[in-house]
Amino acid sequence: MTSLMTGAIVNAIALGILYGLLGLSLTIVYGAMRIANLAHGEMVLAGSYVAYVVTTQLGYSPLAAIPVAFILLFLLAFALFAVAGRRLQAARDPEMASFLFFYGVSLMVASGLLFLFDADARSVIFQFQPLSYRVLGLVIPKARVVAVGVAMVLVPALFLFLYRTTSGKALRAAVMNRDALRIVGVDVERLSLVAFSVSAGIAGVTGVLLALVFPAFTPFSGLDYTITGFVVIVLGGLGSPLGALLGGMIFAFSEQLTTLWIGQSAGVLAGFLILVLVVAIRPAGLIGQAEWKS
Amino acid sequence: MSMVMQSAPSAETAPSVRQRAPLFRLHRASVWIWCLTLAGISLIAVSIPAVSAGVSFWFYLFQWIALASALNLMAGMTGYVPFGFAAFFGIGAYAAAVLSQFHHAPTWAALVGATAAGALLAVLFAPTLRLRGVFFSVVSLSLAIVLRSVIVLLPEDVAGGSSGITITGRHDPIRLYYLMVAVSMGAVAIATAISVTPHGLRLKAIGDDLDAAQIIGVNAKGLRLAMWMLSGTIAAVCGALEGLYSSAIDPAAAFNILISTKAIIYAALGGLGTVMGPVVGAVLMTITDELIWTRFPIANLFILGLIVSATVLFFPRGIVGSLLQRHPRFRRWFF
Amino acid sequence: MNALAQIGPDSTLISFRNVYAAYFGDIHVLKNLTLSFRSGEVTGIIGPNGAGKSTVLKTLLGFLKPSAGDIVFDGRSLLGTPSHDMVHVGVGYVPQNSSLFLDLSVEDNLILGCWPVRRDGARVRRAIDRVLGDFPMLAPFRHGRAGELSGGQRRFLEIARALLIEPKALLFDEPTAMIAPKYASEVYDHIARLARQGIAVILVDQNVRPCIQVSDYVYILELGQKTMEGDADAFRSDERIRAEIGRWLEVSGG
Chain U
2 MTSLMTGAIV
12 NAIALGILYG
22 LLGLSLTIVY
32 GAMRIANLAH
42 GEMVLAGSYV
52 AYVVTTQLGY
62 SPLAAIPVAF
72 ILLFLLAFAL
82 FAVAGRRLQA
92 ARDPEMASFL
102 FFYGVSLMVA
112 SGLLFLFDAD
122 ARSVIFQFQP
132 LSYRVLGLVI
142 PKARVVAVGV
152 AMVLVPALFL
162 FLYRTTSGKA
172 LRAAVMNRDA
182 LRIVGVDVER
192 LSLVAFSVSA
202 GIAGVTGVLL
212 ALVFPAFTPF
222 SGLDYTITGF
232 VVIVLGGLGS
242 PLGALLGGMI
252 FAFSEQLTTL
262 WIGQSAGVLA
272 GFLILVLVVA
282 IRPAGLIGQA
292 EWKS
Chain Z
213 MSMVMQSAPS
223 AETAPSVRQR
233 APLFRLHRAS
243 VWIWCLTLAG
253 ISLIAVSIPA
263 VSAGVSFWFY
273 LFQWIALASA
283 LNLMAGMTGY
293 VPFGFAAFFG
303 IGAYAAAVLS
313 QFHHAPTWAA
323 LVGATAAGAL
333 LAVLFAPTLR
343 LRGVFFSVVS
353 LSLAIVLRSV
363 IVLLPEDVAG
373 GSSGITITGR
383 HDPIRLYYLM
393 VAVSMGAVAI
403 ATAISVTPHG
413 LRLKAIGDDL
423 DAAQIIGVNA
433 KGLRLAMWML
443 SGTIAAVCGA
453 LEGLYSSAID
463 PAAAFNILIS
473 TKAIIYAALG
483 GLGTVMGPVV
493 GAVLMTITDE
503 LIWTRFPIAN
513 LFILGLIVSA
523 TVLFFPRGIV
533 GSLLQRHPRF
543 RRWFF
Chain D
25 MNALAQIGPD
35 STLISFRNVY
45 AAYFGDIHVL
55 KNLTLSFRSG
65 EVTGIIGPNG
75 AGKSTVLKTL
85 LGFLKPSAGD
95 IVFDGRSLLG
105 TPSHDMVHVG
115 VGYVPQNSSL
125 FLDLSVEDNL
135 ILGCWPVRRD
145 GARVRRAIDR
155 VLGDFPMLAP
165 FRHGRAGELS
175 GGQRRFLEIA
185 RALLIEPKAL
195 LFDEPTAMIA
205 PKYASEVYDH
215 IARLARQGIA
225 VILVDQNVRP
235 CIQVSDYVYI
245 LELGQKTMEG
255 DADAFRSDER
265 IRAEIGRWLE
275 VSGG
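Residue numbers (the numbering used here), protein chains in the order written: chain U, 2 to 295; chain Z, 213 to 547; chain D, 25 to 278.
Hint data in this document are derived by calculation from the structure and do not stem from the laboratory.
Fair warning: there could be bad hints in the mix.
[Claimed, not checked] With a straight-line cut-off of 20 Å between C-alpha atoms, the simulated EDC-like cross-links for lysine to aspartate or glutamate are:
hint, chain 1, residue 1, chain 2, residue 2
1, D, 89, U, 180
2, D, 89, U, 188
3, D, 192, D, 240
Whole structure, please, built from the sequences with the hints as guidance.
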């Protein structure tokens, strides 16, 4: 029983940091640009498929898939935003417009993946040496250790960027007062373009890491990632990087512990119930600054 | 040098401040023409079973008109986009299926039960209306997922569990089809009533500007709640009819988020906030769906996505909305 | 004192030449406006509500494109310069509503104020130390959140931030509208000091009396047109003008 408990906690920490990463890339875009990227999950999923091609089909290490996924998704997002960004932000209701636009994009990406890889579930097959570690009586697959290890490097790096560099500060500032950024001389459109592309690149890397943790994925898994991402950032407070990390942890813990105590289907339920409760008590999320205007 | 020059104020004194475009008065004739059009559509719809072998296509056409119009009552009029709209559809389908299969209720009783369930759910979810924007959308979506999970967790003899319910009782499909036509025309009629009465016009103001609504004395909260109840209940009835019509329901299909998103997309494509928009959008997209789906199953999703994205970029107000924006004189005839 | 010496009769830094501007369609908010703003002077713009005072600033900053006419800054046209480049050109702006990033620290707000020169770390540090020296009331809060400052302190932080990269012109839109009266006179004193340092200050203000008090030259706008202009002295003394101002003060209920 105790070892099951320890296992659930280890799982929760691993998933929590990955969910946090998922939320982090989403919140940068939502907070700074008021763009609700409903295709975020598909970008993550595309990263998973990159990992699938690099490992299962080509036989390289999943670590090699990380830069490939980042660059590929960075470029795709760059092109997409260059075409659509300006029009979306000029819309009467940018949030709504981007919601719908990216829903269309998500359908296109999902059907593209369906066309390339069929509807069957795929998984990343790679023989790590050793295959797993034994810690505290638990068997932990090395794939999971690698995924969490990369996330543990990536998350602090992102926080350093957001809190220590001028560009990172500008991105956080955009959440607070977008008009004022222009006054201090920031080319908000260029900042948005770069931020969106970087966010997509991180989503791709997250996809590689998730593919190492989750057993399988299909072209339709994207929506689940999107929903998880949004739940995580709403839980933590839109636009708050720390909130995204906290939200990811809470969501993962509630999911894992409820699964352990009650069962698989209750696990899904718990995360969403917690979201509803948190928002009922604190409408702006845990670390949210103010109630968001629609 | 303390001279002060005074330039003569020009004779023209047209106010140069920003003004709101005056509301175009609808012609009474245009309302009549629209009502006649609806009557004509109903007439054609009623005669379909006599001339066509299957009513399936038509059933779903009217289902989407109803769902898109119901969603528009909420999203178009108040600016609240409920991504958990599928919850109402699902609860309606389940209420009807459970009543019919486990309690042997006749069609009418199953439908009454579904209507009640939809209204009850709307009351239950009403507190989410305090939220705004993405918060509202995500929480409403989460509630739909919670509801689905709860139904899966219930014992199999209460709600069928994860494998769903197969309805073995007889429900005349033609009658269900007629009922769906009636529901969709009812939804459109409600939207029309809202758009041509002064009360409805004030409601529309909420969507544009909350503060303004307060100033002109609209009870924003009450009206929003009313729209929420209406659109939720209509969706529940649609779900019930669809459940009985297809005679098999399961949690994944009944609470499919595509029901929410398709309703949003169809309404937005036609033009959120207009009466005709959701009808136009639903008709166009159901036909496109049917044409592409049978020929290119994979391309279907891609083309659906392409249409959505392109519409947002190039017709941000939808087909009807963009038409009205470019040619304001049509406001007398299209609304 | 050096700056003062340069100010001669030809110290015009910014000029509006027959500028028309509209928000949409042909409803012009500015009509055939010709204005000039000189270095080392505070130029006040007053007028009733809806006169287009703030629009003058927005047009100058490129938020609104003029439909006709030209805006010249330091000898070259500003038309086509994107608004985010204005800081770089040398035009600072303190808008009516808060332009601070309230959840960032005071120092981070200042760091973002150095955006155009962000690659030059030494210069950024020097600039921040300099303005914190000029605004000693901000120094104790350097590492605190900007949101914790009082209304008056926030306004000074905005002014300090605008001064970081030494603007040639500084635009104020209702600088005292949102702050406690006890800070208002301090803000006006500071605005006067900026002009003495050689900056061309443009002051749009609803509060006619203090605006005329601090200004060197005054424009009155009504319905997007210039109705009066002249040295501030004349506005202070001339009974006829005071009556005129009183008239539209009544009209606008100000």
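Here is what the structure says about each hint:
1. D:89 to U:180: Holds, at about 17 Å.
2. D:89 to U:188: holds (18 Å)
3. D:192 to D:240: holds (17 Å)
In terms of the numbered hints stated before, the structure departs from none.
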